[in-house]
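Protein chains in written order, with the working numbering: chain A, 145 to 404; chain B, 99 to 399.
Simulated from the structure, these hints should not be mistaken for laboratory data. One or more hints might be untrue.
[Unchecked claim] Taking beta-carbon pairs under 10 angstroms as the criterion, some of the chain B residues facing chain A (in silico): (1) Gln156; (2) Ile177; (3) Ser239.
[Unchecked claim] Once the Cα atoms are required to be at most 30 angstroms apart in a straight line, the calculated DSSO-like pairs of lysine-lysine come out as: (4) Lys403/A / Lys201/B; (5) Lys113/B / Lys273/B; (6) Lys225/B / Lys126/B; (7) Lys307/B / Lys400/A; (8) Lys307/B / Lys208/B; (9) Lys403/A / Lys356/B; (10) Lys207/B / Lys403/A; (11) Lys401/A / Lys164/B; (12) Lys401/A / Lys201/B; (13) Lys400/A / Lys207/B; (14) Lys164/B / Lys403/A.
Predicted model only: the values in this text are computed from it and were never measured. Note that beta-carbon positions come from the ideal geometry of N, C-alpha and C, so glycine has one too.
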Amino acid sequence: MTTSFIHSLQSEWLKTRRSLAAWLVILGGFFIPLIMLTARLLYPDRLPGDSAAPDFWEAFFGKCWQMMALFLLPMGVVLATTLLAQLEFRNNTWKQLHTTPQYLTTIFFSKLAVILLMMLQFLILFNIGIILAGFLPHAIYGVPFPKEAFPVEFFLLKNTWFFVDCLPIVALQYLISLQFKNFMIPLGAGIGLMVASLIALEWEYGYFIPYTYCPYNFFELRKVAGIGQQGVNFHLWALGYFVLFTVLSYVLYITKKEKG
Amino acid sequence: MYSIEALNLSHHFTKGERVLDDITLQVKEGSIFGFLGPNGAGKTTTLRLILGLLRKQQGDIRFFGKPFEQHRTEVLRQIGSLIESPSLYGQLTATENLLVWQKVYQCPKKRIREVLDLVDLANTGAKKASQFSLGMKQRLSIAVALLHSPTLLILDEPTNGLDPGGIVEMRTLLKILNEEQGITILISSHLLSEIEKLVSEVGIIHHGKMVFQGSLDALMERQQQVASLIFEVNRAQQALQILADQYPTAVIAQGKLKLPALSNEATAAITRRLVTEGIDVYGITRGDNDLETIFMNITNN
């Protein structure tokens, strides 16, 4: 089972080559860091102040995550998950895939694993971008590098939470995308839930909505008063929703009457 | 020994009428089985059912003597299939498409080159599958089906989109695979003429019912029974009267004289007689030997 899962995973990973989702991950990962890099290159007079700041990396990380956490990451996850899950519908390949000697469980989880791996890939690229955008202007203009040591633990922890907080989006989008051939249905549902989550951010029970956790994590990161879910461990909620949606998605997939 | 045994299959879609009604399909090991029927007769539904793409509602499916449901992965390892339109990843090249399936089947990588050579797509290089013509896509799909060296091939209308040359090539390829590698082939088509040179066994499905199953020779015999001979003459009514005593079943259809199928000698004798009686014979053709007529005849009987 493990061996066949690895083979299946390799096969699924190959399918992402040159796909729109793969481009989205690469471009999306470098988009914000590129803007930040450009801004820092345009205002070199601010670099010495950055060098001296005792919390330069935390502040810069927060700035980079601002648009990303509120809009771009949830949107990117909606798009990438939908695109990847819909790959078989778009290419008319479900029938070929379901006549291979693989357990349906293997197919289901290898596809999900590829989506999670791509999300991980996105986070890695995004962080590489942040680090480059942080260091490069100093190197180019000969300004001393930030005196603060690079906070590896902080980066790892915050990224892990963003990853966890995206999981419900992945699972729900995966569920919808596997059920509907029409690309617009999962996309519409994703955008709709995203907008609902933005509206509900200040609602005391906003954490009920599974798409709110990335913004909440950001507000926690920036310590924004008044918004967020103090006292509620929304990361746990995210994990709970992820498990719930994944189980539901699996059951629906396995019991589907038509498999291609 | 049967490679495929689908016994008493029935199927209906939600709220709809039965699309398959007590279908029994038996494909002998080593044979080429032609699964015929007009569009919408239930061919694809049958093939999707036996491959597990549709949930079985009624009946029994066995491959190589083993129940499909209990031996699904083991059985699918020995089957190559092409159902309806090509299943290809448009953004990938031909080699990459095959690599996707090679990872799953874990067959030797050299098979990719072998099957690409076999379907004449070895030189497509970096061209993406989405840029292929329909014929090329169809051939690549055949390559996918053959990649893991299956012992049974299930092909649903594989000649769709192929030009006449491509159809001949496909027939030759399937013949070689059957004769030289002993691969059992189940091929569906809505055109008898397209596969009659290929198949040894035939099954005909019509309105979801299996109306004929047997050897090609047996089908040809039936075909002969329903076939007719059509004389295009200048005075059809007079010609009918001349032949009425000898061929009482002769009729006039669309201004032409229609008789039951006859031997060459009898055809020559009728022609001579008509000419002797002053009737001009413009042409003699065989009629009603198309698949649809055979369907109608078999169904009516």
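Which constraints among the numbered hints does this structure fail? Numbers only, ascending. Result: hints 1, 5, 6, 8, 9 and 13 break, sorted rising.
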